[in-house]
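Same order as they appear, the protein sequences are chains C and A.
Going by full-length UniProt numbering, the first residue of the first sequence is number 1, and it counts up by one from there.
Going by full-length UniProt numbering, the first residue of the second sequence is number 1, and it counts up by one from there.
Hints were generated in silico from the structure; no laboratory data involved.
Don't take every hint at face value.
Pairs count within a copy or across copies, as identical chains cannot be separated in the list.
[Unchecked claim] Only pairs whose alpha carbons sit at most 30 Å apart, straight line, appear in this in silico DSSO-like list of lysine-lysine:
{"no.": "1", "residue 1": "Lys86", "residue 2": "Lys222"}
{"no.": "2", "residue 1": "Lys338", "residue 2": "Lys86"}
{"no.": "3", "residue 1": "Lys137", "residue 2": "Lys222"}
{"no.": "4", "residue 1": "Lys217", "residue 2": "Lys86"}
{"no.": "5", "residue 1": "Lys282", "residue 2": "Lys338"}
{"no.": "6", "residue 1": "Lys217", "residue 2": "Lys338"}
{"no.": "7", "residue 1": "Lys282", "residue 2": "Lys137"}
{"no.": "8", "residue 1": "Lys282", "residue 2": "Lys222"}
For reference, the chains in residue letters:
2 protein chains.
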Amino acid sequence: MAEEEPTAPEGADVLETDAPEEELRFRDEDGAITREFYDAITAAVEARDAEQVRALAGDLHEADAADILVALHADDRAPFVSLLGKDFDFAALTEVDEQIRVAVLEELPTEVVVEGMRELDSDDAVYILEDLDEAAKAEILEQLPIPDRLSIQRSLDYPEETAGRRMQTDFIAVASFWTVGQTIDFLRNQSELPDDFYEIFVIDPAFRLAGTVPLNKILRAKRQTRIADVMNETSHPVLATEDQEEVARLFERYNLVSTAVVDEGGRLVGVLTIDDMVDVMKQEAEEDLRALAGVGDEEISDSVTDTVRSRFIWLLVNLATAILASMVISLFDGAISKMVALAVLMPIVASMGGNAGSQTMTVAVRALATREIDRRNMVRTIVRETTVGAINGVLFAVLIGIAAGLWFEDVLLGVIIGAALIINLVVAGLAGILIPLALDRLEIDPAVASSVFVTTVTDVVGFSAFLGLATWFLTG
Amino acid sequence: MAEEEPTAPEGADVLETDAPEEELRFRDEDGAITREFYDAITAAVEARDAEQVRALAGDLHEADAADILVALHADDRAPFVSLLGKDFDFAALTEVDEQIRVAVLEELPTEVVVEGMRELDSDDAVYILEDLDEAAKAEILEQLPIPDRLSIQRSLDYPEETAGRRMQTDFIAVASFWTVGQTIDFLRNQSELPDDFYEIFVIDPAFRLAGTVPLNKILRAKRQTRIADVMNETSHPVLATEDQEEVARLFERYNLVSTAVVDEGGRLVGVLTIDDMVDVMKQEAEEDLRALAGVGDEEISDSVTDTVRSRFIWLLVNLATAILASMVISLFDGAISKMVALAVLMPIVASMGGNAGSQTMTVAVRALATREIDRRNMVRTIVRETTVGAINGVLFAVLIGIAAGLWFEDVLLGVIIGAALIINLVVAGLAGILIPLALDRLEIDPAVASSVFVTTVTDVVGFSAFLGLATWFLTG
Numbered sequence: 001m002a003e004e005e006p007t008a009p010e011g012a013d014v015l016e017t018d019a020p021e022e023e024l025r026f027r028d029e030d031g032a033i034t035r036e037f038y039d040a041i042t043a044a045v046e047a048r049d050a051e052q053v054r055a056l057a058g059d060l061h062e063a064d065a066a067d068i069l070v071a072l073h074a075d076d077r078a079p080f081v082s083l084l085g086k087d088f089d090f091a092a093l094t095e096v097d098e099q100i101r102v103a104v105l106e107e108l109p110t111e112v113v114v115e116g117m118r119e120l121d122s123d124d125a126v127y128i129l130e131d132l133d134e135a136a137k138a139e140i141l142e143q144l145p146i147p148d149r150l151s152i153q154r155s156l157d158y159p160e161e162t163a164g165r166r167m168q169t170d171f172i173a174v175a176s177f178w179t180v181g182q183t184i185d186f187l188r189n190q191s192e193l194p195d196d197f198y199e200i201f202v203i204d205p206a207f208r209l210a211g212t213v214p215l216n217k218i219l220r221a222k223r224q225t226r227i228a229d230v231m232n233e234t235s236h237p238v239l240a241t242e243d244q245e246e247v248a249r250l251f252e253r254y255n256l257v258s259t260a261v262v263d264e265g266g267r268l269v270g271v272l273t274i275d276d277m278v279d280v281m282k283q284e285a286e287e288d289l290r291a292l293a294g295v296g297d298e299e300i301s302d303s304v305t306d307t308v309r310s311r312f313i314w315l316l317v318n319l320a321t322a323i324l325a326s327m328v329i330s331l332f333d334g335a336i337s338k339m340v341a342l343a344v345l346m347p348i349v350a351s352m353g354g355n356a357g358s359q360t361m362t363v364a365v366r367a368l369a370t371r372e373i374d375r376r377n378m379v380r381t382i383v384r385e386t387t388v389g390a391i392n393g394v395l396f397a398v399l400i401g402i403a404a405g406l407w408f409e410d411v412l413l414g415v416i417i418g419a420a421l422i423i424n425l426v427v428a429g430l431a432g433i434l435i436p437l438a439l440d441r442l443e444i445d446p447a448v449a450s451s452v453f454v455t456t457v458t459d460v461v462g463f464s465a466f467l468g469l470a471t472w473f474l475t476g
Numbered sequence: 001m002a003e004e005e006p007t008a009p010e011g012a013d014v015l016e017t018d019a020p021e022e023e024l025r026f027r028d029e030d031g032a033i034t035r036e037f038y039d040a041i042t043a044a045v046e047a048r049d050a051e052q053v054r055a056l057a058g059d060l061h062e063a064d065a066a067d068i069l070v071a072l073h074a075d076d077r078a079p080f081v082s083l084l085g086k087d088f089d090f091a092a093l094t095e096v097d098e099q100i101r102v103a104v105l106e107e108l109p110t111e112v113v114v115e116g117m118r119e120l121d122s123d124d125a126v127y128i129l130e131d132l133d134e135a136a137k138a139e140i141l142e143q144l145p146i147p148d149r150l151s152i153q154r155s156l157d158y159p160e161e162t163a164g165r166r167m168q169t170d171f172i173a174v175a176s177f178w179t180v181g182q183t184i185d186f187l188r189n190q191s192e193l194p195d196d197f198y199e200i201f202v203i204d205p206a207f208r209l210a211g212t213v214p215l216n217k218i219l220r221a222k223r224q225t226r227i228a229d230v231m232n233e234t235s236h237p238v239l240a241t242e243d244q245e246e247v248a249r250l251f252e253r254y255n256l257v258s259t260a261v262v263d264e265g266g267r268l269v270g271v272l273t274i275d276d277m278v279d280v281m282k283q284e285a286e287e288d289l290r291a292l293a294g295v296g297d298e299e300i301s302d303s304v305t306d307t308v309r310s311r312f313i314w315l316l317v318n319l320a321t322a323i324l325a326s327m328v329i330s331l332f333d334g335a336i337s338k339m340v341a342l343a344v345l346m347p348i349v350a351s352m353g354g355n356a357g358s359q360t361m362t363v364a365v366r367a368l369a370t371r372e373i374d375r376r377n378m379v380r381t382i383v384r385e386t387t388v389g390a391i392n393g394v395l396f397a398v399l400i401g402i403a404a405g406l407w408f409e410d411v412l413l414g415v416i417i418g419a420a421l422i423i424n425l426v427v428a429g430l431a432g433i434l435i436p437l438a439l440d441r442l443e444i445d446p447a448v449a450s451s452v453f454v455t456t457v458t459d460v461v462g463f464s465a466f467l468g469l470a471t472w473f474l475t476g
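Just chain C, same shape as in the assembly:
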């Protein structure tokens, strides 16, 4: 055994990159690109020093090249790609925001784009092409070799956000009567193989999927073993027209790394891999979070105009519900003018209800998205949420009742705010669960629309319960 090294070696760091060993550090401890590297690459690009750009960034992983692209000034991005030339892996463009991707592609000469696209797996090529306008798309497709063009066109013919649009059309398929030895020899002699693959597919003479074999099974088997004896018959193929979120859920459920894509005839047309599905999974949870807060799919890099526009709608909806709440309050203006304490206390009732409703709603929206709520537990869930609302209602009624009673030296006022709070928290629990369920039933995304309805309900009920009870018992 060699001597133990007491400290961590360079190679063991999570932040290590493919950059060559040199004085210039590429990423800092937080994983961000260092100031020094940024300055060096910017200087090289602006001096149009191709050699220096290649020395700095030529050996980087596509993901690192993508991060540089994002960090660079907008004017330096296309020149960076041009200067890197053959050392720029166009796959990096799949890792940046749409806005940056389209801008860079529009600025580059078509020949450069075509040359770069030829090196790509078909799924990456489709991902890059799909956001371009029809004219640019056609121009690029025209210059690609026919096999590439056909496989890209095939994916583009499937609707957005389907398995067919996301799949890769390069894959390995063999017949079930082949042996492991034949299969290995076949792989050794193929020159055009996908960059990475984790399983090979078994097909019948009509190209219909018969099974799959993970690569490790092939490596463990003797050469003379038949493929039929090592293949998994029950794999989890997906239809090319299947929604990508359904597919992502399947990957997650069965811990898949890749899966076959088949057409309506059961014929193998492509393969989906986990890296594409990871993006879909993340996007889904992210979308719900943004929808609940009333922000669209905006990016931190979006322009002020885009952001103002996307948020305006939500604020407008919120304005309508706020005005509705005001109208409720104005019904009780007589009581308020007699007793200003009501105006002071009323936001407490509405705000507690709004928060309690949001809590229930968030849990319900996510449980619906992940299919954790179904027929079997729906009634139980509704009862549970209402009970939670009632219990918290009683607890906070006591707290706020005592506080308000002492503050305004008025026991009855304390009792009334307590009663209003119980009513509003029970209603909040009910609204928080029933509104998402109803929207889901109506096939409206509960994440997008629930918030508005829930806060409207808790505002209206909160103000009218408190002011109504007060009018009745205190100022009547």
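Following the hints, complete the assembly by docking chain A onto the known chain C.
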């Protein structure tokens, strides 16, 4: 070519499972377990009919067995596992909520648990063991064969939520001077291999990681090729003590399917695979969503007591901020008693500010979590958010100013609410970005604490701007 089939074959459905072909459908179109299957399995379990239970569920994928476990009544779960006997894959227990897992394990005899654990990969065994109490853990570990026990113990010695705790300790490692042929022969003769693997590792004589080889590279290479010639030297190994979220980010950035785990000496100690990291990635986005809404890591299956407790704290914090807002209002009770319209309109200003603040905050919290905000774009982001707030402020000031002016037939009142709205939306934009940034700097999770501070700011500013301006200009 065979004739085309006009309709989709059974096998091409995304919802297909490993269940044998039979009349009883296991999942419906939505992917939920069918009523019929549920009734059949419940009847079989309650009749203690082992043969029938095995016929129904013996061939299912671990993920499907897990879904049955969740669907079954709590009393039927441990019997279901016992009746399945050797046909129950303990890996299914890694797919259910902690509460269900611990309950089932506590009810089963230790021998059954030990027997089931022996079949597991080490990472699954650790996942199952880690939630048990110390006594139960020790009892099970004692009865496991020494090699299994040592590898499990090794992982358990690393802190929770680190790479070391999540890694699998079974992996394939070879020397760089081996040939591809030697490697394949070695794999063919090994009896104890991990269930699935996607790459093999290359080590030096001191067990230090030298590189990795994806399986497909081995399959493409000639037998006499040296491993050194096909291996990737620059892989992305992680330290065993690294936080799992950092590791998940690395997987996402470099589209990894598996990666080596090394100790402080650079020695290979385990492997992490994408399926474990997918759970971590989803969990992270989910945690932020829940934190922003003030719900902890509660599950839809939690008890009423647990839920009440977890939500109480958040509502209590909210109560404190609501009372603070009330105190601000009470400063202006003179103005309100002179002009009740102020009480009617004031919630609009506060609510618009609260919503605008939440929008900015949500984008900021996620951008911080995914490292999209850094030193370089921080100032630009702050300016941007404030500008967006100001523009929306002016737009809504006009809208609400006109509406309020007409409603109460008072132009000055319209001007005042408009001015208050502009102030509050600018402050909301600032608070929405600065508060998450400040919390992040203080190493407090911005997702957990931002909401409270932002709404406190927008409530206090909203009420005092509107009521203050009104006092000054209208009722002074």
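Checked hints:
no.	hint	verdict
1	Lys86 - Lys222	between (41 Å within a copy, 28 Å between copies)
2	Lys338 - Lys86	neither (80 Å within a copy, 76 Å between copies)
3	Lys137 - Lys222	neither (47 Å within a copy, 40 Å between copies)
4	Lys217 - Lys86	between (36 Å within a copy, 23 Å between copies)
5	Lys282 - Lys338	neither (54 Å within a copy, 53 Å between copies)
6	Lys217 - Lys338	neither (82 Å within a copy, 83 Å between copies)
7	Lys282 - Lys137	within (28 Å within a copy, 34 Å between copies)
8	Lys282 - Lys222	neither (40 Å within a copy, 39 Å between copies)
Taken one by one, the earlier hints fail for this structure at numbers 2, 3, 5, 6, 8, listed in ascending order.
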